[in-house]
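Number of protein chains: 2
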Amino acid sequence: MLGKLNHVAIACSDLDKTAKFYRDLGVKVSETVPLPEHGVYTVFVNFGNTKIELLKPYGDKSPIEGFLKKNKDGGIHHVCIEVPKIEEAMKKVKEMGVRTLTETTKIGAHGKPVVFLHPKDCGGVLVELEQE
Amino acid sequence: MLGKLNHVAIACSDLDKTAKFYRDLGVKVSETVPLPEHGVYTVFVNFGNTKIELLKPYGDKSPIEGFLKKNKDGGIHHVCIEVPKIEEAMKKVKEMGVRTLTETTKIGAHGKPVVFLHPKDCGGVLVELEQE
Numbered sequence: 001m002l003g004k005l006n007h008v009a010i011a012c013s014d015l016d017k018t019a020k021f022y023r024d025l026g027v028k029v030s031e032t033v034p035l036p037e038h039g040v041y042t043v044f045v046n047f048g049n050t051k052i053e054l055l056k057p058y059g060d061k062s063p064i065e066g067f068l069k070k071n072k073d074g075g076i077h078h079v080c081i082e083v084p085k086i087e088e089a090m091k092k093v094k095e096m097g098v099r100t101l102t103e104t105t106k107i108g109a110h111g112k113p114v115v116f117l118h119p120k121d122c123g124g125v126l127v128e129l130e131q132e
Numbered sequence: 001m002l003g004k005l006n007h008v009a010i011a012c013s014d015l016d017k018t019a020k021f022y023r024d025l026g027v028k029v030s031e032t033v034p035l036p037e038h039g040v041y042t043v044f045v046n047f048g049n050t051k052i053e054l055l056k057p058y059g060d061k062s063p064i065e066g067f068l069k070k071n072k073d074g075g076i077h078h079v080c081i082e083v084p085k086i087e088e089a090m091k092k093v094k095e096m097g098v099r100t101l102t103e104t105t106k107i108g109a110h111g112k113p114v115v116f117l118h119p120k121d122c123g124g125v126l127v128e129l130e131q132e
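In the order they appear, the protein sequences are chains H and S.
Sequential numbering from 1 applies to the first sequence in the UniProt record's numbering.
Sequential numbering from 1 applies to the second sequence in the UniProt record's numbering.
Where hints are given, some of them may not hold.
It does not matter which identical chain is meant; a pair holds if it fits inside one copy or across any two.
[Said to hold, decoys possible] Straight line, CA to CA, 35 angstroms or less: simulated DSBU-like cross-link-like pairs of lysine-lysine:
hint, residue 1, residue 2
1, Lys28, Lys94
2, Lys92, Lys17
3, Lys106, Lys51
4, Lys17, Lys91
5, Lys20, Lys92
6, Lys20, Lys91
7, Lys61, Lys91
8, Lys69, Lys106
9, Lys61, Lys94
10, Lys85, Lys106
11, Lys17, Lys4
12, Lys94, Lys17
13, Lys20, Lys94
Don't read these hints as lab results, they were simulated from the structure.
Please take these sequences and the hints and turn them into a complete structure.
The following block contains the structure:
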């Protein structure tokens with residue numbers, strides 16, 4: 001049902017500084033990509049086996065604004081897990097009593113359908129499912 | 001300098017429930033392993049490319065006790081990144097002005113030398129470096 005761990009997302013108070021931290025340690029770090037439709041700027045830190053996705057707010061209604069108010073230094077925002085068939089995965093999690101944050105999938109940062117699961121139903125962790 | 005992302009550690013308020021969540025979704029989940037010398041019980045959730053390590057406190061002086069007081073539902077505690085040479089990595093991070101939580105390495109949950117970096121110097125994220 002679940003596939004690989006696609007990425008760990010970190011909300012940053014200082015995106016450039018955190019990107020520099022990983023770059024200085026020799027990790028492959030992408031340029032900053034603005035994603036206005038998602039309300040974030042993103043930087044990908046590629047470890048080969050998986051990625052860290054660094055995020056900073058874009059515009060006034062960023063989905064990570066509230067998180068950064070609570071976590072002023074930044075912090076780990078969510079984990080993203082790949083699924084072969086996202087509609088089947090949504091059906092399965094609902095049967096398990098796990099709530100999704102939206103009734104339908106949205107198109108995520110990688111151009112693929114995604115859905116977020118309620119942290120209260122996933123051990124306190126915001127989990128994103130992404131179509132492989 | 002940095003290698004693969006070895007694992008994402010999640011501190012759990014209900015370890016069995018969170019382990020069941022991943023098991024029910026078809027992920028390979030280990031038995032619960034007590035690590036008295038680290039003050040935690042661990043469960044490994046293996047995604048193939050990387051792992052989630054579920055933690056719950058063991059004994060009175062668990063290092064995740066404070067985290068769970070602040071995050072009552074549980075949450076993502078740290079990320080662990082492999083390094084080919086941990087002593088060189090410690091020297092490098094110190095040159096970068098990044099503090100380590102201990103002056104020397106300790107033997108971690110996998111029997112290998114590890115050191116933790118100060119979250120304030122790593123974008124708000126507790127980062128564990130582990131010898132490959």
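Checklist entry - Are there hints from earlier that the structure breaks, and if so, what are their numbers? => result none
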